[in-house]
Amino acid sequence: MKIPQKLIPILLLCCLLCGSASAQSVCEYIVRPFAYDVQAMLEVTFGADAGKAVRDTTRDDVFFQLPGREDAAACSMQDHSFFQQSTGWLYKVCPADHRHEQGNWDNFEPVGVAKCALTREGAIGKATLVAEWLQLGEVSLQSVRAYGKLSSATGDYRVIFRQQLNGCPVYWAATNVNSDGNYPETNLATFSFCDSGLFDADINWSRFESSALAEEAMTAEDAIAKFVAFGVAADEAELCYLMQPSEGGAVATPAYRYHNAYLHAVTGMRLQ
Amino acid sequence: MRTCLAGKILPILLALTLLPFAGLAVEENVVIPLPTVAAALPLPTADTASDYSVNRMAGYFASQDYPYQRPALTETEQARAAQLLKDYQNGKRPAQSVLSLTENVQVGVYGLRPEDYEGERAYVLLPCRELTDDELLAIIDAYAQLGLTLDPAGFSYRNCMRGGGIETTRVLTEEESDRLTLLHDLYNRQGMRPEKPYTPLPEDDGLGNILLDEESFSGLPDFRFVPYRRQTDEELMRCVSAQYVHEDTPASPTELSAYENQTRRELMRVLGAPLALERQAEGIFAASDFSIQFDNHSVYRISLTSYTFEGRFQEYVALLNVQTGMLDMVWADREDEALIHDDLRGDLYDPKWVELTREAIEDMRSDNVAIVSIEPTGGECGLANNAGLGIMMRAIMADGGYYEIVIAYQDEKPHMAIYQCNAPKPVDSIINH
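Here the protein sequences line up with chains X and Z, keeping their order.
Just so it is clear: in the first sequence, position 180 is 180 by our numbering, and no numbers are missing.
Position in the second sequence (from 1) plus 1000 gives the number in our numbering.
No wet-lab data here; the hints were simulated from the structure.
Glycine included, C-beta positions come from ideal geometry on N, C-alpha and C.
Please note that the accuracy of each hint is not assured.
As the list claims (entries may be wrong) - With a straight-line Cα cutoff of 25 Å, these simulated DSS-like cross-link-like pairs (lysine-lysine) come out: (1) Lys-115/X to Lys-149/X; (2) Lys-1413/Z to Lys-1352/Z; (3) Lys-115/X to Lys-1425/Z; (4) Lys-1425/Z to Lys-149/X; (5) Lys-1352/Z to Lys-149/X.
To be verified - Some, not all, of what chain Z presents toward chain X, calculated at C-beta under 8 Å: (6) Ile-1340; (7) Asp-1342; (8) Arg-1345; (9) Asp-1347; (10) Leu-1348; (11) Tyr-1349; (12) Pro-1376; (13) Thr-1377; (14) Gly-1379; (15) Asn-1386; (16) Gln-1410.
Model the full structure from these sequences, guided by the hints.
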């Protein structure tokens, strides 16, 4: 169908207006520790032997191992005692000749390619599947790190996802600190893969319950202007959620971020 | 007649002669008490509330639960010591003496002048393990040699250190530390020396330093005697001189000035350091003391602080190779009080970190040396005061120089830097060499 010429400028103007408005509905959420699907964790950790895994009830965490195989795979899940997040980790058995040294900086591959058949994209695909299996919800790719530079080390990739909420990253406010001066871990899910597959995972995660009516967030341009008015030399602003402590727990507040400064995405009030 | 008189007198004489021996014979099996110094002596009253009193250390030991680091004998040792006191009185003696040992000490007893130590007359160093019977006997014997009787329950932080729990009889006060720093400078830069030499034993002047068997004291290499009173400037100067006792060729004031001058110029050249930096401390050391990357060649170590230069590194610790005049290594950091904890992370492969590193180095260097390569190290480092993390980038220069720079995630500025005149070798190659 041919668009009448007289309408084109009007249509273009409408597109421009819609593009610059970019209104997004946001609301506040109550933050809780993530509730792991234990069966899914067992299946990821032990594979076909998931049904044989036994919980060690002498530990504070929810810890599973195969009986008589303390040197083999294991997984753990635990709510943090203070912050509204839970940790989960697992490790699996690798071939005896594997030597994974992600903690050794000399083993880091600075160009991002590990010496293994697995590719960066392949590792991302596998990590995405595992995250879905564990029902972690929304994630964004934080980074993919390659290892194996040392001749004695085995090539591998570490895929790091950051937790998201409604397509926006979540950040812990600096006010989340306990009496020992400790802060919560960043809500990241890390999965390490080599040619033999997944060999370890480390997760710090939360879940969110909607607690208020949705409101319209200001535009990024407006947020930048407000940052400048606060004396923050911002030239960009990221829509996100800032998790702040509240009575009995924490709330995720819709916010705009520039560096480590945050303001309320609806009211423009300075949050940090 | 003579015979009768002799016959009558002789028994009397014999009796008189034998009487003393009879007394001694009676006393042979009587316990002879060990010598004990009278408790009351005309000593000046110790001001146990002063800053220099050992009573300030009470809080330090209040929560010490580990028995082999508490300044006391264990219960079993006390019980054995009580029996061994009797054995000592009956003539049993230890295989070796532990009185006034100065090197490789596992157990040591030291005489003190009571006017130096708030009335204490002996100090005991005990290892991080159960004492043997012979060691307990040696302590009893050492006390006896000092004219004292051991009280097995009488040890405390006032007269005992055990297992490396602390490295000194008391910690210096702030004003003593300040004077020590000044005196260090006079010693190093003015060539001033104490009137009397430093001696390892405290029995002469209240000062002392004992070299320990490190395994017996949880790795502690030596123990220092600091009197429970204010130390004079002369005494502190003796302490300063003690640090240089084992140096064969300490640097002269002229050499130290030259080293400082060269270091400042190198810091300005490679890190853009300001000229107005205050010297905090300096000395000559073996390079291997600071990094496994180095052999034991001599380096001049200096720490410098900027109080006024904002936006750049404020703290510098530099190692200058005294042979080459080049900086073996520099640590520089910036503490920005405006930073608070952040929850930010970055992609180590994001090209913006390379560009930020390039800008930082070009801003710091004043000699137009080209950058050969910049890449991520693979590490994230924590910032001062738990302010969050930063990415560590490495850069290699055309003159062989090497940087590791930490750029904070929250403000994308350099907060820490390490510079070396040569790139370090991989740790594996050093360990497996």
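Right, here's what the structure says about each hint:
Pair hint Lys-115/X plus Lys-149/X holds up; C-alpha atoms about 8 Å apart against a cutoff of 25 Å. Of the pairs offered as hints, the one joining Lys-1413/Z and Lys-1352/Z holds, with about 12 Å between alpha carbons and a cut-off of 25 Å not exceeded. Restraint check for Lys-115/X and Lys-1425/Z: the C-alpha separation of about 21 Å stays at or below 25 Å, so the hint holds. About 14 Å separates the Cα atoms of Lys-1425/Z and Lys-149/X, which keeps this hinted pair within 25 Å; it holds.
Between Lys-1352/Z and Lys-149/X the CA atoms are separated by roughly 23 Å; this keeps the pair inside 25 Å, and the hint holds. Taken as an interface hint, Ile-1340/Z checks out: its beta carbon lies about 4 Å from the nearest beta carbon of chain X, inside 8 Å. Taken as an interface hint, Asp-1342/Z checks out: its beta carbon lies about 4 Å from the nearest beta carbon of chain X, inside 8 Å. Because the beta carbon of Arg-1345/Z sits about 6 Å from the nearest beta carbon in chain X, less than 8 Å, this interface hint is met.
The closest approach between the C-beta of Asp-1347/Z and any C-beta of chain X is roughly 4 Å, which is under the 8 Å cut-off, so the hint is satisfied. The restraint placing Leu-1348/Z at the interface with chain X holds, with a minimum CB-CB distance near 6 Å, inside the 8 Å limit. For Tyr-1349/Z, the interface hint holds, the least distance from its beta-carbon to any beta-carbon of chain X being 5 Å, beneath 8 Å. Among the interface hints, the one on Pro-1376/Z holds; its C-beta lies about 6 Å from the nearest C-beta in chain X, closer than the 8 Å criterion.
Contact between Thr-1377/Z and chain X, as hinted, is supported at the beta carbon level, the nearest pair being about 5 Å apart and thus within 8 Å. The beta carbon of Gly-1379/Z comes within 5 Å of a beta carbon in chain X, closer than 8 Å, and the hint placing it at the interface holds. Interface restraint check for Asn-1386/Z: the shortest CB-CB distance to chain X comes to about 7 Å, inside 8 Å, so the restraint holds. Hint status for Gln-1410/Z relative to chain X: holds, with the closest Cβ pair at about 4 Å, below 8 Å.
The structure shown violates none of the earlier numbered hints.
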